[in-house]
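Number of protein chains: 2
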Amino acid sequence: MYPATSPLLTDLYQLNMLQAYLDHGQMETAVFEFFVRRLPGRRHFLMAAGLEQALDFLENLKFSNEEIDWLRHSKRFSNGFVDYLARLRFTGDVDAMPEGTVFFENEPIIRVIAPLPQAQLVESRLINILHFQSLIASKAARMVLVAPRKQLVDFGLRRAHGAEAGLMAARASYLAGFAGTATVLAQKEFGIPIFGTMAHSFIQAHDDETSAFSAFAHSRPDHLVLLIDTYDTEAAARKVVRLAPRLKEAGIIVRAVRLDSGDLIMLSKHVRRILDDGGLQDVTIFASGGLDEDELAGMMDANAPIDGFGVGTSLTTSSDVPALDCAYKLQEYAGIARRKRSAGKATWPGRKQVWRSFGNDGRMAGDVLSLQDDRHTGEALLIPVMRNGQRLGAPPTLDDIRNKAARGLAQLPEPLRRLDEEAARFPVIVAAGLIALAEQVDRRTAAHDVAD
Amino acid sequence: MYPATSPLLTDLYQLNMLQAYLDHGQMETAVFEFFVRRLPGRRHFLMAAGLEQALDFLENLKFSNEEIDWLRHSKRFSNGFVDYLARLRFTGDVDAMPEGTVFFENEPIIRVIAPLPQAQLVESRLINILHFQSLIASKAARMVLVAPRKQLVDFGLRRAHGAEAGLMAARASYLAGFAGTATVLAQKEFGIPIFGTMAHSFIQAHDDETSAFSAFAHSRPDHLVLLIDTYDTEAAARKVVRLAPRLKEAGIIVRAVRLDSGDLIMLSKHVRRILDDGGLQDVTIFASGGLDEDELAGMMDANAPIDGFGVGTSLTTSSDVPALDCAYKLQEYAGIARRKRSAGKATWPGRKQVWRSFGNDGRMAGDVLSLQDDRHTGEALLIPVMRNGQRLGAPPTLDDIRNKAARGLAQLPEPLRRLDEEAARFPVIVAAGLIALAEQVDRRTAAHDVAD
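Sequences listed follow chains H and F, in order. Residue numbering for the first sequence follows this note's numbering, beginning at 5 and increasing consecutively. Residue numbering for the second sequence follows this note's numbering, beginning at 5 and increasing consecutively.
Calculated directly from the structure, the hints in this document are not laboratory data. It is possible that part of the hints are untrue.
Since copy identity is lost for identical chains, a pair holds within one copy or between any two.
Said to hold, decoys possible - The calculated lysine-lysine pairs, modelled on DSSO-like cross-linking and capped at a C-alpha distance of 30 Å, are:
#	residue 1	residue 2
1	K408	K192
2	K273	K154
3	K192	K66
4	K154	K79
5	K408	K252
6	K66	K273
7	K252	K273
8	K79	K252
9	K408	K273
10	K192	K79
Produce the entire structure from the sequences given, and follow the hints as far as they go.
Here's what the structure looks like:
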């Protein structure tokens, strides 16, 4: 099953805490929110993704009989607690930003309201799911912004951090605006368009390039793409020009060539010239090989005649920012707002809402982070998605999410669309009511500290 | 099943190439090797890991009926080819460096010899498995080297790139010398020791810290660790001093306190003083919170009185180097050596062996990369592990692998043990016979290029 659903995908301290909560009857309602504390220098906005998998995880939360037996035999926990785990299901409520929503620091993208043990147990895996897809969607969005109207394809399964990362990166980049992926399973599981031609090994396994091109063309005549950089890129482009008329006689059209190494700007210009001079004006050029958004921007600036890009490692590992500073924090327990005050890690207490305003040009103008029951102008970004452990309505399709993401990117203020680190920060205003609550929580905790 | 085994965890171009190989009867024996092209600046050595999962994947390679039906209904491939895939199993041979082996650039850590379609199909997932675990073992080894005799624990599930990444990072860091992990499933699947105490939310869910400590202690009395940085670390340490005698009356011993934020060097010294003055000399200090090997080195240099470290995101994402420049390349087909010559990506052709020499001090002195049939002095690092699709002998235990890794780290020359980027490079000599073969392959390909 993709992705994995075992509740043992958790940190041991969660089970330790649950045992203590059960022993002491601490089963009151807890409110947790997941948010990013700070945006990294190279991210001026983030994009929410992974909610569908997070809700799948919650809706199906259940220890298997085998897992329960293993826990019991570990003798780490009381029998009563293991019995409790065997019966445990997620019965809580979830509000969230829909996938594809642009978000900023301190803005919760999901809120979980449930009896404390349930809300606590799911922390590790919920973060694991939401962090990764949001990380990749945010990275992919940068590429989509610098190379609009180019066909972007995820090539990064092999260096993604495991199978689930490869699969979920295909999903996250597609929803952010990529055209598709090379990962076959992503089509089967999510219906994402897949792309692929041949590897260098195919060329190497033949005695010469033309034989390799011809053999491939006859086996894979639909949307034929030939890889031309195994030995000498320009020589190979000339071979394609010589081969194309013979293939055409057999009813096979060369659609594109792929470059995977060397100076892609220079090579693409030379190859374009060779193809055009050879009457192959309709053959497009696709490039790959260690690309990231900075290289895409360089090729766009140089007007490299490249029609599409395969992006691998930099996308699926978010190589410049391989993790976000995010947290899933207790904001309220038993009706009382809570707050962590640890150095550098203080959080805003209570149940919150994010309100987004737009300018006359339709671009985002600013967000307000408020208490949920406060009313502010603008669009409320967190909406109900689960009640009593059940999803509300059918999930959006991946294409719905993709459309939402595209609208969000179109609404970004101009400075936030740029790659450079000096871009203006988006204003997120913390509402007065929230500041007042934080001060009130601090006074209460300080009073307990003295009495403690 | 962990990890995932679907053969659709592959790039589309693999299936495209396989269809063409089948159409043209290209089923001869192919030899592929997996290696890292260049070591990143912050890695002076790498550690091989993931072989067991790679062999599991090969031994169990099989399309499910559901996958075959899906492929057939996609109409992307010929029926004959889909029938071929339904019957496909891995019947090849594998030689490899055992897990835990230290390795360097251009050194193959695995060689696959099989009919071309089999060896090609598995490329994406083999790289995906071997790259990630080797990446994490190599990162973990740096931490083990800078903090010897400290208890290092993987805390990184939540920000690992998916469930499989979290689970495999626990395995890779354990084999490299970590004491264990917080990830519960890693104990169930791999028998790795697990560690865990409480989160800040536990403290926040109580009205005061002392009540939280007391409730936790009574529920989880074994190896009791208390988290003391939720509000004021030093004040909390004094609360532990006041609480400890009362717990002792109930037969409960406080074993450790954990710090998770702030200036860990200063705080650990102050907390050590508070605990010692309070008669708690046996209570150890455990630290966590955004640590990496540079911060570990800083704390070691400052003689911070910390006994163990929880390391999360920097470990499980290998955050400074989230991917290695690695490749799985065709080195021979139908008995003829092959080589890719693409700009900046040329590879050494043929079946290879790595020979490691040691100095009189027992430290590694240099490696020779040669053709497999060449004989050189030193230890031959690649050994047979699979023949005709079947593993040779029982797999080593994780503790065997851990011991091998520890021996390898002890044998590292001193400059390679340091974190800094200027450390001397380890000498890897390319043997004359291999250079001669590469030249011969280039002459043959050039001749074909002219004739082509």
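Please work out whether the CA atoms of K273 and K154 approach to 30 Å or closer within one copy, between two copies, in both situations, or in neither?
The answer is within: 17 Å in one copy meets 30 Å, while 56 Å across copies does not.
What label fits K154 with K79 when the C-alpha limit is 30 Å: within, between, both, or neither?
between (57 Å within a copy, 27 Å between copies)
Is it within, between, both, or neither for K192 and K66, if the alpha carbons may be no more than 30 Å apart?
For K192 and K66, both the intra-copy (26 Å) and inter-copy (16 Å) Cα distances are at most 30 Å.
First find the shortest C-alpha distance between K408 and K192 inside one copy, then the shortest across copies, and answer within, between, both or neither for a cut-off of 30 Å.
Result: close within a single copy only, 23 Å intra versus 41 Å inter.
When no copy is specified for K79 and K252, does a C-alpha distance of 30 Å or less occur within a copy, between copies, both, or neither?
Intra 71 Å, inter 23 Å, cutoff 30 Å: inter-copy only.
Please sort K408 with K273 into within, between, both or neither, judging by C-alpha distance up to 30 Å.
This pair counts as neither: shortest intra-copy Cα distance 36 Å, inter-copy 52 Å.
If the cut is 30 Å between Cα atoms, do K66 and K273 qualify within a copy, between copies, both or neither?
Classified as neither: same-chain Cα gap 57 Å, cross-chain 44 Å, threshold 30 Å.
Treating 30 Å as the Cα threshold, decide for K252 and K273: within, between, both or neither.
Intra 25 Å, inter 78 Å, cutoff 30 Å: intra-copy only.
Is the C-alpha distance from K192 to K79 at most 30 Å within one copy, between copies, in both cases, or in neither?
between (41 Å within a copy, 13 Å between copies)
With 30 Å as the alpha-carbon cut-off, assign the pair K408 and K252 to within, between, both or neither.
neither (41 Å within a copy, 59 Å between copies)
In summary, the numbered hints that this structure violates are 5, 6 and 9.
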